[in-house]
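Number of protein chains: 4
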Amino acid sequence: MAGSTFGTLFKISTWGESHGEGIGVVVDGCPAGIPIDEDYIQSFLDRRKPGQSEFTTMRNEADKVKIMSGVFEGKTTGTPISLQILNTSQISKDYSNIMDVYRPGHADFGFDSKFGIRDYRGGGRSSGRETAARVAAGAIAIKMLSYLGVEFTTYVKSVGEIEIDYSKFDKDEIMRNKLYMPDKEAAEKAGRYLESLIESKDSSGAVVELKCTGLPVGLGEPVFEKLDARLAEAIFSIGAVKGFEIGDGFKAAASKGSENNDPFRIKDGKVVKETNHSGGILGGISDGGDLVLRAAFKPTPSIYQKQHTVNNKGEEVDIEIKGRHDPIVAPRAVVVVEAMTALVIADLLLQNCTSKMDNVLKIYSCN
Amino acid sequence: MAGSTFGTLFKISTWGESHGEGIGVVVDGCPAGIPIDEDYIQSFLDRRKPGQSEFTTMRNEADKVKIMSGVFEGKTTGTPISLQILNTSQISKDYSNIMDVYRPGHADFGFDSKFGIRDYRGGGRSSGRETAARVAAGAIAIKMLSYLGVEFTTYVKSVGEIEIDYSKFDKDEIMRNKLYMPDKEAAEKAGRYLESLIESKDSSGAVVELKCTGLPVGLGEPVFEKLDARLAEAIFSIGAVKGFEIGDGFKAAASKGSENNDPFRIKDGKVVKETNHSGGILGGISDGGDLVLRAAFKPTPSIYQKQHTVNNKGEEVDIEIKGRHDPIVAPRAVVVVEAMTALVIADLLLQNCTSKMDNVLKIYSCN
Amino acid sequence: MAGSTFGTLFKISTWGESHGEGIGVVVDGCPAGIPIDEDYIQSFLDRRKPGQSEFTTMRNEADKVKIMSGVFEGKTTGTPISLQILNTSQISKDYSNIMDVYRPGHADFGFDSKFGIRDYRGGGRSSGRETAARVAAGAIAIKMLSYLGVEFTTYVKSVGEIEIDYSKFDKDEIMRNKLYMPDKEAAEKAGRYLESLIESKDSSGAVVELKCTGLPVGLGEPVFEKLDARLAEAIFSIGAVKGFEIGDGFKAAASKGSENNDPFRIKDGKVVKETNHSGGILGGISDGGDLVLRAAFKPTPSIYQKQHTVNNKGEEVDIEIKGRHDPIVAPRAVVVVEAMTALVIADLLLQNCTSKMDNVLKIYSCN
Amino acid sequence: MAGSTFGTLFKISTWGESHGEGIGVVVDGCPAGIPIDEDYIQSFLDRRKPGQSEFTTMRNEADKVKIMSGVFEGKTTGTPISLQILNTSQISKDYSNIMDVYRPGHADFGFDSKFGIRDYRGGGRSSGRETAARVAAGAIAIKMLSYLGVEFTTYVKSVGEIEIDYSKFDKDEIMRNKLYMPDKEAAEKAGRYLESLIESKDSSGAVVELKCTGLPVGLGEPVFEKLDARLAEAIFSIGAVKGFEIGDGFKAAASKGSENNDPFRIKDGKVVKETNHSGGILGGISDGGDLVLRAAFKPTPSIYQKQHTVNNKGEEVDIEIKGRHDPIVAPRAVVVVEAMTALVIADLLLQNCTSKMDNVLKIYSCN
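Protein chains in written order, with the working numbering: chain A, 1 to 367; chain B, 1001 to 1367; chain C, 2001 to 2367; chain D, 3001 to 3367.
Hints may contain errors.
[What the hints assert, rightly or not] Here are the simulated EDC-like cross-link-like pairs (lysine to aspartate or glutamate), alpha carbons at most 20 Å apart as the crow flies:
#1 256(A) / 1195(B)
#2 1251(B) / 1290(B)
#3 1184(B) / 1173(B)
#4 3064(D) / 1021(B)
Derived from the structure by calculation, the hints contain no laboratory data.
Okay, chain A solo, but in the shape it has when bound (with noise of 0.2 Å):
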């Protein structure tokens, strides 16, 4: 129950279904004095909104967002930010094929069980859709560390088995192909996968890698709301997500502590590491690198070859999806994942500002 609250003092409760009114966030605890606008929060939702390209579902939606409250006179005012986002394409439609049958690899059959009634239009609340009121929050929480000189490139790492060649890695052309990769030439291969993927009516998984650089040393609280803890749940939480690494991952099981070890040194009188095999972390705790996470999405569940299931009177049955969807997930993700990752560090950011007592006098004697 109640599982869609994130966050201490950066808090964010979402709501909405796919093919509901819409789908919101209030955001609560967001320090007051920053300014946003709705064009500033839209630059961010136009990243992961449908319709991009041929390979994110057609649906026709704006995701125009709106700011409900919490903004005054241009700036937070630290009371709850609430943004909504309409839906306006959730005409009327025949879900017969769907509304009683339990789609392989989606959570209809989970919710059935636990709720005995779920809202079957395009998935409900267990839609994707449900990330636009995250990247709505994460851009606020965004533009929050901004002002601290946090800053973050995310990408798709690989698609399928395509993988970027990190010596070919161009920060601009991001945000140019339609899979938000950094190398020109796996785009493009990348995207011939696919188109071969959507003709054999099938999808694809990948793996997408964020950076954020200006992170200030000391962020985590040990030692249940480590950083990389609290960073794991984000990223989990998001639909598809089946793995999760920080800096060395998984390679760091089969490695030696004599070259996982980074090197403290010296530089210009400040502590650096030599190495980032920690990936920005060490004991839950920001270390001065650079943070490195991946995910893993895996292929979108929807697809639109005949597959043989179940329906909720217990009979076996084949079901064609019908609808309109990605072939792969990650593309759209990456703005989700820098929205997740951008509310966990605003949240212990804040945290942090209490950690010793230095800190509170330095609030409390200039006030």
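Starting from the known structure of chain A, arrange chains B, C and D on it as the hints suggest.
Below, chains B, C and D alone, put in the same frame as chain A:
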């Protein structure tokens, strides 16, 4: 701040440092009426206690648990269960070589930056010793889950690049070898590998795998407290974890929808899945299949080689770590992974009790 | 920060300002399968809407609620229920006389000190209008509780020094007079008193009383989430409340143990209490008696007399408050007290479902 | 479930029963760098320890506190501070007269209904002894607040119908008499009244009052974590409290706006209030005035008169309570009220640190 509490209904709060008075945990929200005694909890602690073999630290800790509250006449009373393990081996030592030095791969630098003060004795709060408290709490969760038929099998899947062979999987073998591996040959090979690392003053990473059977369908709260999200957080809160997977994990990212979807079938009147690529979770909710998860552990950062690093005065220095350190984290972490998994499941299982009004009416009509 | 969320399992998050786009609430954790519609919720909102009589502000707000999510085919689905009430009367006004002035008795000074920015239009977030969102959420809690036989009677007990006479208590009268008092004569007397206050540009305090029958025994979580503790918090979160009592309240402080203890008896095979000095709560847990609570409301701070105060430039100034203000808070607050009480009970009733293992087994054995 | 945790940032989790191994508390989220030692905490515990006078139970408990973690070289480290008080006087007793009987005015019936099992020895978890853990935690909060100039004066305002005379208020007198009253004459009169009650095997209620000076403006989080709402919860979580007031409290309900509003003024360049009917809180936020709160305590329910009640077999029985019981709760509760108030203020003071972006920038620019 305040990061040492975990869970919503089945909630734990841990405390303690490696070389202080002791460590402990308060378990709040455990239902009343469950038989618990110290011997039972001790049996779990013994699986992670030091000194089990040449591959675990020789620190001489009995790790004896004492129940301080919450159990009356052999049963839980519904009030907080306080468990504590006094430190017996924190004999005064010479910490002069590490008290002002930041050990590579450790949280020392992060703690100092964050708090401005650090209990440097044996790692203080960031010591792996802290996980003993989680194991004690987890034992209670496992007991509760056993009444519902939920069972765990947890083991080391790989050491460095040495993996188990599933065709030789022998559950009984897990408790027989020093590395908690279910494949005798792999365990022997891994043992020889670790001996060579000890000789070269090095350490190894590893992967721990867990299978859980008997999980009720419907556990996990959309959208932020999904079963996999909560598990990811729980496992990543264990020190040294750098990667986490459910089911096919990263392999799913290279897969196709037609391969990755698990077809539903009816078997003995029950909905079952033909395959289990999902690892028992769909849309963040348990799907009736076995839960399968994996955690990648980095190599123990405390190695005996001379390392270059910095101290808290901003100087570059050499460090030679002394003391008693495991050449591999994973074998003793097996029971920690099991404990954290059980804590998450216990919490979500209780939360799920009120997912539908029918359940609520069932409780109160019979009260 | 983040103070707009209330509850653990039955959780609400409210948003909105008096003269912004609107106000709303997200209800998360409501069990699935409860019939809810807008007309039902509206009937509660109508009890607090403006313009009901000469004793309530003439602001012309329809306060029409819209269900944005979480209800499908007329029933709750277990996912977040988003409710919103758009502002229709926030016509551009001249706020120049209050925008930089701290109204006595109001939160203006506190908000400015805390946030450095304040939506001054109609009180912004600190307006009593915010409670409409709570009433909408509370209506759902009341619906849920009705299935368990829990019922509420809430009314104004006193206006200024005019108290109801319990010998003339008439439950039906409550909804018949403008002041929601259960004693017609007292209501008429109070009405005349309020008319005189309106004439003298003044306002009155009042006491609201609530009785709740049918509460299951055992609600309330020792030691910090006691039923009375949670109620005290809930009622004191309503603006203008300055006092709170359970049962005999402050009278108990002048009493003796031999008078205050309620003897237990057996009646029809059930444990009952002979008297109810406790107000239905012992040791923080519902004891089977009727829940009785009282809230003291201060007089409306917005009075039309000229008042001396300061502005945000640090100058002393005179202020004459304009606009539409109730000469008494309590009548419209009656339903707010009822809503907040219901939200607490709903939350603790769900929490209590897992207090003993027998309950948990009952749920899962029948799943 | 899980009701033994309190607070968001400055968080405490208590455990323990009256006659078990001991009681304790884990304080998590206390900023690092605050000097704390056992003697300091002990001085607060001594104010509530048994055996101080003929008006407190003769139970022979030293109530010696031990710091188990979280303090290193005399200072808090930012990690959980575990405090424990072992029970020394829980000598095996004959509980046969109460083990299956529900004492009037006690939580026995509620606990049995809720949990199905109850540690009946001395009240178990529902014993007032549990509050010693809160006092220990509160001492740390008070220490933290002292650095910001926040100070507390807490005392018994009335015993039965005997009230202090404010014209004779003497702060130093509080610690000199056995009843912690600031008026010597009233204390003597109350003492004689209590002696008469002891003779008639009866007990008395009382009112405790607290004043807190030096509170920064701006504490309290709208709308559910208002300062007064959190205080109401905190104080009502203390056993035997039946009423709570801020400032004028219930008197405000009989007042007029023109009397109740506190005019703002400028004094020495600071915004101040001419009067303090508000008790230091407006709109849930500290307003710069002294915080004034009152708690009504019911008479001790354990009286030595023969009482009629029921047992857990559903039979009506007579009970004569034995043991060691205070004829009045309030004197020993004075320090508990102070501790709970300080815990709330400490928590909200930390939360307020991030209310505006300027504060956040202040922290990180200097880090």
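Hints, one by one, checked against the model:
1. With a C-alpha separation of about 13 Å, the suggested pairing of residue 256(A) with residue 1195(B) holds against the 20 Å cut-off.
2. The hinted pair formed by residue 1251(B) and residue 1290(B) meets the criterion: a straight-line CA distance of about 18 Å does not exceed 20 Å.
3. Straight-line distance between C-alpha atoms of residue 1184(B) and residue 1173(B) comes to about 7 Å, which keeps the hinted pair within the 20 Å bound.
4. As the CA atoms of residue 3064(D) and residue 1021(B) are separated by approximately 16 Å, the hinted pair is consistent with the 20 Å bound.
Hint check: no violations occur; every hint is consistent with the structure.
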